[in-house]
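There are 2 protein chains.
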Amino acid sequence: MYRTHNCGELRAAHIGQEVTLSGWVQISRDLGGMTFVDLRDRYGITQLVFNMDDNSDLCSTARKLGREFVITATGIVAERASKNPNRPTGDIEINIASMEILNESKVPPFTIEDESDGGDDIRMKYRYMDIRRAPVRNSLIFRSKLAIETRKHLADQDFVEVETPVLIKSTPEGARDFVVPSRMNPGEFYALPQSPQTFKQILMVAGMDKYFQIVKCFRDEDLRADRQPEFTQIDCEMSFVTRDDILDTFEGLTKHLFKAMLDVDLPDFPKMSYDEAMERYGSDKPDVRFDMELVNITEETRGHDFAVFDNAEHIGGICAKGIAADYSNKDLKNITEWVMRPQIGAKGLVYIKYNEDGTIKSTIGKFYDDDTLNAWKEKFGAENGDIVFIMSGEKEKTLKRLNELRLEMGRKLGLMDGKVFKPLWVVDFPLLEWDEDSERFHAMHHPFTAPKKEDEARMLDGDHETMKSLKADAYDLVINGAEIGGGSIRIHDRALQQKNFDLLGFTREEAEDQFGFLMGAFEYGAPPHGGIAFGFDRLCAVMNGQSSIRDFIAFPKNTSGRDVMIDAPSRVDNDQLQELSIALDIKEDKK
Amino acid sequence: MYRTHNCGELRAAHIGQEVTLSGWVQISRDLGGMTFVDLRDRYGITQLVFNMDDNSDLCSTARKLGREFVITATGIVAERASKNPNRPTGDIEINIASMEILNESKVPPFTIEDESDGGDDIRMKYRYMDIRRAPVRNSLIFRSKLAIETRKHLADQDFVEVETPVLIKSTPEGARDFVVPSRMNPGEFYALPQSPQTFKQILMVAGMDKYFQIVKCFRDEDLRADRQPEFTQIDCEMSFVTRDDILDTFEGLTKHLFKAMLDVDLPDFPKMSYDEAMERYGSDKPDVRFDMELVNITEETRGHDFAVFDNAEHIGGICAKGIAADYSNKDLKNITEWVMRPQIGAKGLVYIKYNEDGTIKSTIGKFYDDDTLNAWKEKFGAENGDIVFIMSGEKEKTLKRLNELRLEMGRKLGLMDGKVFKPLWVVDFPLLEWDEDSERFHAMHHPFTAPKKEDEARMLDGDHETMKSLKADAYDLVINGAEIGGGSIRIHDRALQQKNFDLLGFTREEAEDQFGFLMGAFEYGAPPHGGIAFGFDRLCAVMNGQSSIRDFIAFPKNTSGRDVMIDAPSRVDNDQLQELSIALDIKEDKK
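Line order of the protein sequences matches chains E and S. Each residue of the first sequence is one higher than the one before, starting from 1 at the first, in our numbering. Each residue of the second sequence is one higher than the one before, starting from 1 at the first, in our numbering.
These are calculated hints, taken from the structure and not from any lab test. Just so you know, not all the hints are guaranteed correct.
Pairs count within a copy or across copies, as identical chains cannot be separated in the list.
[Said to hold, decoys possible] Straight-line distance between alpha carbons at most 20 angstroms, and here's what the computed EDC-like set of lysine to aspartate or glutamate pairs gives: (1) Lys377 <-> Glu299; (2) Lys145 <-> Asp156; (3) Lys453 <-> Glu104; (4) Lys453 <-> Glu100; (5) Lys106 <-> Glu512; (6) Lys499 <-> Glu509; (7) Lys125 <-> Glu523; (8) Lys271 <-> Asp331; (9) Lys106 <-> Glu523; (10) Lys395 <-> Asp120; (11) Lys471 <-> Asp461; (12) Lys395 <-> Asp275; (13) Lys395 <-> Glu436; (14) Lys64 <-> Glu279; (15) Lys452 <-> Asp463; (16) Lys361 <-> Glu221.
Work out the full structure: start from the sequences and follow the hints.
Written out as structure tokens, the structure is:
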């Protein structure tokens, strides 16, 4: 037997008991006659005491214990002279009578502490030591508990978890698929699912009524920071429901998870249309923890001979409260440079500094006199002491840049409290986006999303311009500026689905080849249905006020898609490729 | 709103209420003035009544409802004149006042009944209609509940569910890997995991202490009936444990699942060594629901001038109780032919028929007189009225054939009661198997399995013959002759792991290339650990007394690895292949 207790559970009540603990040596301190060892496992840290007077051989061995050695030790629980109130086991220590080294350890390449001295790369290579650190370990335990809570809650509401296949069919729509050559079907490939979308719809046609799955999905995209080729979704679908049935169900799930995991009572989630979100925040995933909303002053700026504004489609700004006194010219220069970085792409940044003393300083003072600028105050909700920032240009781009500026100012001014959670539903997205370059429509959500009921007739009969104005019965759950989930009511009618494929530029043959099984299913009694998927990795991060999903994934890949610990991907034997009826075909520029 | 209730929940207590139901038309019966529609959803069937006198238009529409039409209908719950006691909703019916057809259905290609008229192929192609059938639907719901129960039980015992990656590294050991070309790393491939074995061991080195995961695994094998390229495991690993800690934990899980799902109290699981299982049953997964154990009569048969027996390494048999009177010569001929089929491969079958009247009829009466044959009775536990079947040959093959014969007789004699569950642990497997053909050892379990503690020194120092006698600290859970799970205590010491790879014929370079990360991890404080994996699909089937896993998988593949519903695998574009730096290379004989 390796242990009677774990390293986190002994208390004053155990004093006098003989116990056996096993774990890792966090630190060994030699204080002459006594050696103290902090023994760590997943559950906590307990202090072991070795006494030179009682057993000099044992104490000598203990002195030589290196960091991360694995030991098992037996002794009597004793009251600690100097208690450690910061540690649940801090009232006691163990006077060790016998000890065995179960495994030694080389010196770890970084410190196994909450704040490690290891860089990202080395922590990933030795992920097994990184996970021993409490922040990473606790993130993985949080994830596990969140998954259980999710499953219990959904199962209690009659959702059935159905495992959909991982080896499915490649479809050129959307992101790139990972593909898997089929040995038994030479020349043919499976694809890994980007989501179980069509399968969950098939399950609705199959009468499963309420489906969910916590499921791995795959996208072969160029990886930006914080994107992973494999990621996890809480995937759901329901039959005989309207939009609000789905929103109520998953608002309920979200509230339950915040309460169960964080003891946070979320307020009811407001609904905001996509159009309103874009106008007020320049984003379809607004962070509504703080105001600083976008203000449209296009009309107000016209006719003052300021060509930049007069020629711009849109002029808008935000008001940063109470920063005029503290914001130096250098700060203004910095924020101007920040919006002009290629990632944001603004041509410049106009500011109006409404000083406390009533004076105004502005980069557009030449064109707009103080009376005019003072007149704008009301529109911005500005007072003396505030600074208004203004950008201009093409409407869509300007709104997006203002959104970036707003978020940056929110960060700088400490308006994004990690302990505050502000959820909302963004609804009524456009159904289709017209892409000028390819001269075709793209699905804003995906090709299975239904138009809003009132737009159905217009979709079937309307002209090209009508299509641009169609609204989808789609919705996103946004919390603190992060898109946690999204979904829609689906098309369940073959004719409407066919029309959508037509609009999206599928030939009839392509549509039939790729999604014929689904359209076929719609002919055998498909119920009205809809669903939603939550990004599980992202939900974990947002609930913990973290911006990165990395530590909520046990074995993440780097931005080249590599697992640096196991060194994957890797070469495979030619024999294996031959069996799969494929050969390498590496272009020169990739070598 | 599509419904106030589902089709399974209305009772006499609801009489008089107005309700709205939605679902599928199971059947519509026109009885002149009245039309009765059985409306079905996942939860049950409710009878709708349309009355010609009340609303002739509506009733006329109802008459035209085809099978599997999807409708929503509103009406008043009424007491049924002729109640249907076989249906939970059988006390009531709904007098329908309004109805809408939500979707029509073509005539289904097979009947949506418990016993369908559809063959396997057509049911797979239209799986969305097959799942509407109660047996399939209930199998999937059972699976979902079993998964939840498993998770709740393990989480309550501090197990953490950790998702291990799906895109990992190919290793030529074991079964074939499915591989995934990496676009970002030309010429390199990921592999899909055959199990999360190395990752769960890494998690133990990482201090996670108790890990589990219900996880998809993949094997590119030639598919026999009832094998799937993707399958699901309950995968577990624990640190600081001995074998019996693991057996106790998972015996506890198994008992819990049988109790929670089936209200069955399993007895304590006996432990049987591999050697004993082979001697008594000729199988390492014995079905112990019935006796009919194998009897070794090698010694007894010698020296009677029967060359077949005298030259055989092993002579053994089984005793089938009480069948002598009913078993005709034709039956004996049939069972003889059965064991001589190539799948079994016996050269022949000897029988001794101990008739009720004390006479004996036997195929070896020429060589063994009645006194001799009567003397064997005690050894076989045979009485008058029994038949003893005997086979001879190479020991291992003979035991396996006797096992097959025993199971076949058990089936024929109805000794395999689907409602009786007889679990046992088979333990102390050989560590290594010597393969004469390739002149190398194979790991009986896998290369990470530890020898039994007492065999460790012999493994490090012993000679070639010693290696054949090493026992592994490995175990299988067997229920009713099905292997439900298996596992082992793992090696956690670099030197021992290296020795095992040496024995298995890995060069040092191969071992380092494929498993260097794991051996490296063993140098940084690896705790003693072990684990187990349950075949989840199989567990579902066995608990339901089913021999096939097919209906516990929502979308199974056929024996060619095809999903005939979505028609996968399939061709992909050349552009896509080029991006992946691969080309097709189909050999003529595969075309």
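Here's how the hints hold up against the structure:
no.: 1; hint: Lys377 <-> Glu299; result: within (15 angstroms within a copy, 108 angstroms between copies)
no.: 2; hint: Lys145 <-> Asp156; result: both (16 angstroms within a copy, 11 angstroms between copies)
no.: 3; hint: Lys453 <-> Glu104; result: between (67 angstroms within a copy, 19 angstroms between copies)
no.: 4; hint: Lys453 <-> Glu100; result: between (71 angstroms within a copy, 16 angstroms between copies)
no.: 5; hint: Lys106 <-> Glu512; result: between (60 angstroms within a copy, 18 angstroms between copies)
no.: 6; hint: Lys499 <-> Glu509; result: within (13 angstroms within a copy, 58 angstroms between copies)
no.: 7; hint: Lys125 <-> Glu523; result: between (52 angstroms within a copy, 14 angstroms between copies)
no.: 8; hint: Lys271 <-> Asp331; result: neither (36 angstroms within a copy, 75 angstroms between copies)
no.: 9; hint: Lys106 <-> Glu523; result: between (65 angstroms within a copy, 6 angstroms between copies)
no.: 10; hint: Lys395 <-> Asp120; result: neither (40 angstroms within a copy, 58 angstroms between copies)
no.: 11; hint: Lys471 <-> Asp461; result: within (15 angstroms within a copy, 75 angstroms between copies)
no.: 12; hint: Lys395 <-> Asp275; result: within (13 angstroms within a copy, 79 angstroms between copies)
no.: 13; hint: Lys395 <-> Glu436; result: within (16 angstroms within a copy, 76 angstroms between copies)
no.: 14; hint: Lys64 <-> Glu279; result: neither (66 angstroms within a copy, 51 angstroms between copies)
no.: 15; hint: Lys452 <-> Asp463; result: within (17 angstroms within a copy, 76 angstroms between copies)
no.: 16; hint: Lys361 <-> Glu221; result: neither (46 angstroms within a copy, 75 angstroms between copies)
Hints 8, 10, 14, 16 from the earlier list are contradicted by this structure; the remaining hints agree with it.
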